[in-house]
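*Asks:* Taking the hints into account, I'd like the entire structure generated from these sequences.
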Amino acid sequence: MSEAETQYLSAQVVQLAAGEAGPDEWLSPLDANQRWRLAGFVGALETYGLRGKPLKKASSSSVEVERRVMTAGASLLMEGVAAGHRLLAAIRAPTHADGNLQLLSQAFPQLLVMARKQLSPVERQWIFDLVASYAHQTIDSDTPVIWERKFDRKTPSPSKRMAKTKARSRRMIAMLSRAGITPRVRTTRSGRTKVIVGESQLIGLKGLRDDSLSFKATVRQYGLSTNRLRSLAEAGILALDRGRVRRSSIDLLQKGTGKHAIPCPDGAEIDLISVTEALRYRVPVSRTTEFFDAVCEGRLPVFTRMNGDVVHIKTLHLNSSALQAFMGNVEAEEGEAVSIPEAAKVLRLKQEVMYHLVKVGLVRTVVARLGRRSAKVIQQSEILRFTEEIEPLVQAASRAGVGTREAVRWARANGIDLISGPSIDNGRQYFVRCVPPNGEPARRGRGKLMKVDHPAASELQGED
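If you read the sequence shown in my numbering, its first letter stands for residue 1, the second for the next number, and so on.
Rather than coming from a laboratory, the hints here were simulated on the basis of the structure.
Since the model is a prediction, treat every value here as computed from it, not as a measurement.
For glycine and all other residues, C-beta sits at the position ideal for the given N, C-alpha and C.
Everything hinted at is true.
Below, computed lysine to any residue pairings styled on SDA-like, alpha-carbon distance capped at 20 Å:
hint, residue 1, residue 2
1, Lys376, Leu349
2, Lys56, Pro109
3, Lys255, Ser212
4, Lys359, Leu384
5, Lys359, Ile424
6, Lys350, Lys376
Here are the computed distance ranges between Cβ atoms for each label pair:
hint, residue 1, residue 2, range
7, Pro29, Ala90, 20 to 26 Å
8, Val367, Arg428, 22 to 28 Å
9, Thr226, Ile424, 30 to 36 Å
10, Leu103, Lys359, 56 to 62 Å
11, Arg209, Gln380, 48 to 54 Å
12, Ser423, Gly361, 15 to 21 Å
*Replies:* Spelled out as structure tokens, the structure:
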């Protein structure tokens, strides 16, 4: 191009005609003809805006109009991506008065349609990448542009990573509220609600997700039962967040548990038991907090066979004798106890009946260690209380000379309240309240003690 031909052209148009790729080589995918056509396309948008058929206005046969359009387009292409973003911000449609977030088709009406009709595939892809980068830039602003774009897996776009930040499912609202993020919401024409999440917010959500464990996962990874986790949470040792366990609080507990861990000496004759086994068989749930406090404070020595600073609860061991001495205080306080089947033998009841009495609360149990496992046991004092206050209906009826088949009818006719049985709580056997020495029979309704006067009191007492 001669000096006479370029004297009426701007420096940017000359640079574009010379084949320069612009800042950061952002025009390198395009050849000279493609850059020239793109300059006319973006120049028309810069000069006439997006509305009112800008390409038709730019197609005028006037030399002055063409020079003005090409100068504007070349200047924009030579300035770089920032100039392209300024152009899109200038031609963007105003936001809705209702505050609803804009889709790309609402922010730039007919822009993609014009690009598909007027530009070649390479030029069109360049425009799409520019629009995608602008949408990605605005996603963390107060007025983002949402482009729910679908890509061909065979020919992925360079802007695919940018367009991944898009409208997300409504299920993320709970996670956003937990992270302290106020979600931005878009309501579609059909009434669906979509939550808009930016890249920085996604990073925070991923961190929150990684620090959150379900009860099932916690039990599997750390060997702590659900009841123990709740006990530790109630004591403030573990942190719960909407029914999930914070991994950081478990790691802190694990670090405190292994703080005083002693390496197991080789060849030492020590009766060791793992912490998980001790929790499973020897430590009641009610003493979980006390147990971990003793371990973390060093009052209950622990041993480890792992080298290094990383210690897991499943790798820790306890001295069996020291654990027995530590737990012996509770066993001495609880006194002599028997298992539920043994209590059934003492009371001359079937085991099924005994388990039902425990289930409905007529017999109270405590958790204690039987051999190598923890189980529900019945104190001797509880057995004595049961025999003094409650008896089978057949015994009370036999003292009154009533047969077994007529016992229920006799009890109801005489105002004796049935506290357990087939028609009361689906039990296998009927039970009634024993008559105390003062002659005032007391009745129990589904585990609640009640004193009631009834005509059969004197009769039952006479039979005693």
